[in-house]
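Listed below, chain by chain, are the residues.
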Amino acid sequence: MSTGTRLLSLRGISKEFYGNVVLEDISFDLDRGQIIGLVGENGAGKTTLMRILFGMPVIAETGGFNGTIELDGQPVAFKTPFDALDAGIGMVHQEFSLIPGFSTTENIALNRESLKTNFACDIFGKRMSVLDRVTMRERAVKAIHTLGVKLDPDMLVSEMPVGHKQFTEIAREIDRKNVKLLVLDEPTAVLTETEAEVLLSSMRALAAQGISIIFISHRLHEITKVADKIVVLRDGKIVKDVPVAGVSVQDIAAWMVGRDVKTKAAHLSVCKDSVYLNVEHLWVDMPGETVRDVSFQVMEGEIFGIGGLAGQGKLGIANGVMGLFPAGGQVTVGGQDVILNNPHAALNSDIAFVSEDRRGVGLLLDESLEWNIAFTAMQAKRQHLIPVLGGLFSVRDEKSMKALALEYIESLEIRCTGPRQRAKELSGGNQQKICLAKAFALKPKLLFVSEPTRGIDVGAKAIVLETLRAYNRDYGMTIVMISSELEELRSICHRVAIVDEGKIAGILPPTADVAQFGLLMSGLGAGKNGDAA
Amino acid sequence: MRNVKSFVADNIVTLIFLTITIIAIPFSGLSGSYIISNLIDRFARSSFLVFALILPIMAGMGINFAMVLGATAGQIGLIFAVDHNIMGTEGLILATLVGIPLSVGLGWFSGQVLNRARGREMVTGFILGYFMDGIYQFFGLYIMGWLIPIRTAQVMQIDGGGVRNTLALESVRGGLDKIVSLKVGPFSIPVVTFAVIAVLCLFIIWFRRTKLGQDMRAIGQEQGISHAAGINVDRTRILAIVISTVLACIGQIIYLQNLGNMFTYTSQRQAGYYAAAAILVGGATVSKASIKNVFIGVFLVHALYITTPLAGKALFKSAMVGQYMSDFINYGIIASALVLHAWKNKRAADLARAGLRMSAEAQAAAGGVA
Numbered sequence: 169m170s171t172g173t174r175l176l177s178l179r180g181i182s183k184e185f186y187g188n189v190v191l192e193d194i195s196f197d198l199d200r201g202q203i204i205g206l207v208g209e210n211g212a213g214k215t216t217l218m219r220i221l222f223g224m225p226v227i228a229e230t231g232g233f234n235g236t237i238e239l240d241g242q243p244v245a246f247k248t249p250f251d252a253l254d255a256g257i258g259m260v261h262q263e264f265s266l267i268p269g270f271s272t273t274e275n276i277a278l279n280r281e282s283l284k285t286n287f288a289c290d291i292f293g294k295r296m297s298v299l300d301r302v303t304m305r306e307r308a309v310k311a312i313h314t315l316g317v318k319l320d321p322d323m324l325v326s327e328m329p330v331g332h333k334q335f336t337e338i339a340r341e342i343d344r345k346n347v348k349l350l351v352l353d354e355p356t357a358v359l360t361e362t363e364a365e366v367l368l369s370s371m372r373a374l375a376a377q378g379i380s381i382i383f384i385s386h387r388l389h390e391i392t393k394v395a396d397k398i399v400v401l402r403d404g405k406i407v408k409d410v411p412v413a414g415v416s417v418q419d420i421a422a423w424m425v426g427r428d429v430k431t432k433a434a435h436l437s438v439c440k441d442s443v444y445l446n447v448e449h450l451w452v453d454m455p456g457e458t459v460r461d462v463s464f465q466v467m468e469g470e471i472f473g474i475g476g477l478a479g480q481g482k483l484g485i486a487n488g489v490m491g492l493f494p495a496g497g498q499v500t501v502g503g504q505d506v507i508l509n510n511p512h513a514a515l516n517s518d519i520a521f522v523s524e525d526r527r528g529v530g531l532l533l534d535e536s537l538e539w540n541i542a543f544t545a546m547q548a549k550r551q552h553l554i555p556v557l558g559g560l561f562s563v564r565d566e567k568s569m570k571a572l573a574l575e576y577i578e579s580l581e582i583r584c585t586g587p588r589q590r591a592k593e594l595s596g597g598n599q600q601k602i603c604l605a606k607a608f609a610l611k612p613k614l615l616f617v618s619e620p621t622r623g624i625d626v627g628a629k630a631i632v633l634e635t636l637r638a639y640n641r642d643y644g645m646t647i648v649m650i651s652s653e654l655e656e657l658r659s660i661c662h663r664v665a666i667v668d669e670g671k672i673a674g675i676l677p678p679t680a681d682v683a684q685f686g687l688l689m690s691g692l693g694a695g696k697n698g699d700a701a
Numbered sequence: 057m058r059n060v061k062s063f064v065a066d067n068i069v070t071l072i073f074l075t076i077t078i079i080a081i082p083f084s085g086l087s088g089s090y091i092i093s094n095l096i097d098r099f100a101r102s103s104f105l106v107f108a109l110i111l112p113i114m115a116g117m118g119i120n121f122a123m124v125l126g127a128t129a130g131q132i133g134l135i136f137a138v139d140h141n142i143m144g145t146e147g148l149i150l151a152t153l154v155g156i157p158l159s160v161g162l163g164w165f166s167g168q169v170l171n172r173a174r175g176r177e178m179v180t181g182f183i184l185g186y187f188m189d190g191i192y193q194f195f196g197l198y199i200m201g202w203l204i205p206i207r208t209a210q211v212m213q214i215d216g217g218g219v220r221n222t223l224a225l226e227s228v229r230g231g232l233d234k235i236v237s238l239k240v241g242p243f244s245i246p247v248v249t250f251a252v253i254a255v256l257c258l259f260i261i262w263f264r265r266t267k268l269g270q271d272m273r274a275i276g277q278e279q280g281i282s283h284a285a286g287i288n289v290d291r292t293r294i295l296a297i298v299i300s301t302v303l304a305c306i307g308q309i310i311y312l313q314n315l316g317n318m319f320t321y322t323s324q325r326q327a328g329y330y331a332a333a334a335i336l337v338g339g340a341t342v343s344k345a346s347i348k349n350v351f352i353g354v355f356l357v358h359a360l361y362i363t364t365p366l367a368g369k370a371l372f373k374s375a376m377v378g379q380y381m382s383d384f385i386n387y388g389i390i391a392s393a394l395v396l397h398a399w400k401n402k403r404a405a406d407l408a409r410a411g412l413r414m415s416a417e418a419q420a421a422a423g424g425v426a
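Order-wise, the sequence lines are chains Y and U. To convert, count from 1 in the first sequence and add 168; that's this note's numbering. To convert, count from 1 in the second sequence and add 56; that's this note's numbering.
The shape of chain Y in the complex, shown without the other chains (with noise of 0.2 Å):
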């Protein structure tokens, strides 16, 4: 619903991190009422981009970008996310921003609250002015019949649900004077279908008042209904800015993904016919990354792959199962029942676990390789340990614990000075490596790898994934690899399943299209419950 003046423009933005380029040659105008759709995978950009436009202080620390701004025809840069704010432009995030005790209005009037002032406020500045209540009220009505939504000005956040939570933040942001730009992130991500429409008609009424929103959602068939156009983001880099008339939901999938790369044949073992890893119903409550409901199983000797975007469970998996995190339902490894909430329990069902959290769960970072690396099997297993006194305690056995070390220095190609280095002085990769011989050193039936290559450079991701694919050829240890990377996972894995809102979308083998992987993570596939194909 544009009414054709420009409101936004942005010229070249480069931007990178440590010689990391992370957006390159970004350029893109927004006219008046009119709402464009932003849409990418993980790490193409767009956070970075939304950090820049807002001024947030992390953009200046790391060097600042390249490029120009321009809101109205003028040059911006702002400093803080404040002169943003100033300038007109309000942002919803992904996370909730409100007060739980606090009303719905207390929380669209906050920290600017209508004032009455009094005497104490000469003497002890403005801070002592009494809030009129009657005028924050008048403000959130006025808000709230803006966004044409219905809510209770008096309601408790910590009482609504979620969807007027959703529309409480989106009320703040209206209820600033003078605002000419939204900027939606993921905003419909927590909604039921019914909310999401409703806060599409509420957009659309919003822009029809000549506010612009840029919005930013994997959903989407709500990006093709609501969206004037529609940009999007690959690897830093615009690959398409077009109208949204006439596009098809799969054309951005397969826009997003990318081109069908060919992706290496790899030589896969064959996996048995036998069921190894059985999950029902397992739910885990990892902060951020929920898991609601999830049934899947793995075959002997497969490498099975779990994808999907950030925050929408697929690391909860994994660490629910090992019993990091409260979980329940039904999980059996090889027939026997794995007892959850108790990682010690899980370490003895043959499973290890090479966490995404590599310098916090993953290593002792001022101790020695070697005592990383035999660490879990020392306490798991009660390996590399001697008995004293008839096994009344045991001391460490430090010729076996380098030996082990040594053996899984030579066979993983570690960089190090030697055993006794202390692990926080290597580089990611090789920590990385460390923590999987951490795990291999259970000699475990079932591993799973939770974003084995987050972080580390291309050659030592190479040599990972070429390890856990000698590992599972070799020793028919049974994988699964849970990873942000949708390539990676296609290029190693026997089946990959998409998780979408904590529940899994679809199983795919890795030979399928591209947008057919998109079209899961946008929650879009066929099939919700996911099957073993």
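No lab work stands behind these hints, which were simulated from the structure alone. Careful, some of the hints might be misleading.
[Said to hold, decoys possible] A partial selection of chain Y residues facing chain U, derived with a Cβ cut-off under 7 Å:
#	residue
1	G187
2	V190
3	I267
4	G269
5	H449
6	W451
7	D453
8	F493
9	L532
10	R564
11	S568
12	A571
Cβ atoms here follow ideal geometry from the backbone N, Cα and C, with glycine treated the same way.
Starting from the known structure of chain Y, fit chain U onto it as the hints suggest.
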């Protein structure tokens, strides 16, 4: 039935100590009018101190054990008043004028420290109290009498160095209580003291409605969100502590003018324990407190203080048990309230998790197995 259950769960601390009091009253052998006249006296004496804890709880900083710093400032003010032999109400005014600037400074200092110890404010405040002990003793025992001459013999230690361990406050005793004292039957009511407490209540009610009060409530719930909304979180937290420290200073002066003597080096510490115990017994938690909690708490704690020592003595035939009871009350209340708070948080997390579990189990029951 469910309502009764959740009422009990929400007020468990108050109910436990109410039960103990009700049991203790007949055993103590005290008359009703004795208990009531004692309660009136003690209420006037000590409720101001307890009010000092409300704002930091509102600002999400838990119980401000660092209020001991404010109480110390009040005591320094009183030492000056007594030493300069300024009597009665004037003496109290002087003590307040000395104590307030000191407590503003000390409050600002402890606010700075507590801002650097986010999430551990209570234990840090507790240790700050001990730290202050050291400085205060240095001041009382060495600076006084050396850099600052002591004028009055009754203030000085018998061997001549520093301020006495027990200081008689006869000259300022009742400087507030006795301005107007109203006789109602057998009870005497210190009208001005109650008026001061009433004004303080009105101040707190008014303060909650100010912008600063609203900001404190906001940061008390979500610091990150408040910061993102542009509220200066650090400064607001410091202000909460400064106000609390100043109130503790005035509260300690009111407390001591009623009592008439002071244990120079330990009274301030007792004030901290007592106030924390009182507000918790009144039903406050480390994250929620109201004026109502203060009133209930002050009455209940003092009812316990009055009756349990005698009840203990009567039941166990030992005077030591009485002393034991009052210590038990103070520490027991603080410990049990903190444990119950942790238990409530855990229960809330479990309840939140139940939703997740139930929806997955409902799926399973519906037979949606792959």
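Status of the hints after comparison with the structure:
no., hint, verdict
1, G187, "violated (30 Å)"
2, V190, "violated (23 Å)"
3, I267, "holds (5 Å)"
4, G269, "holds (5 Å)"
5, H449, "holds (4 Å)"
6, W451, "holds (4 Å)"
7, D453, "holds (5 Å)"
8, F493, "violated (10 Å)"
9, L532, "violated (25 Å)"
10, R564, "violated (34 Å)"
11, S568, "violated (42 Å)"
12, A571, "violated (44 Å)"
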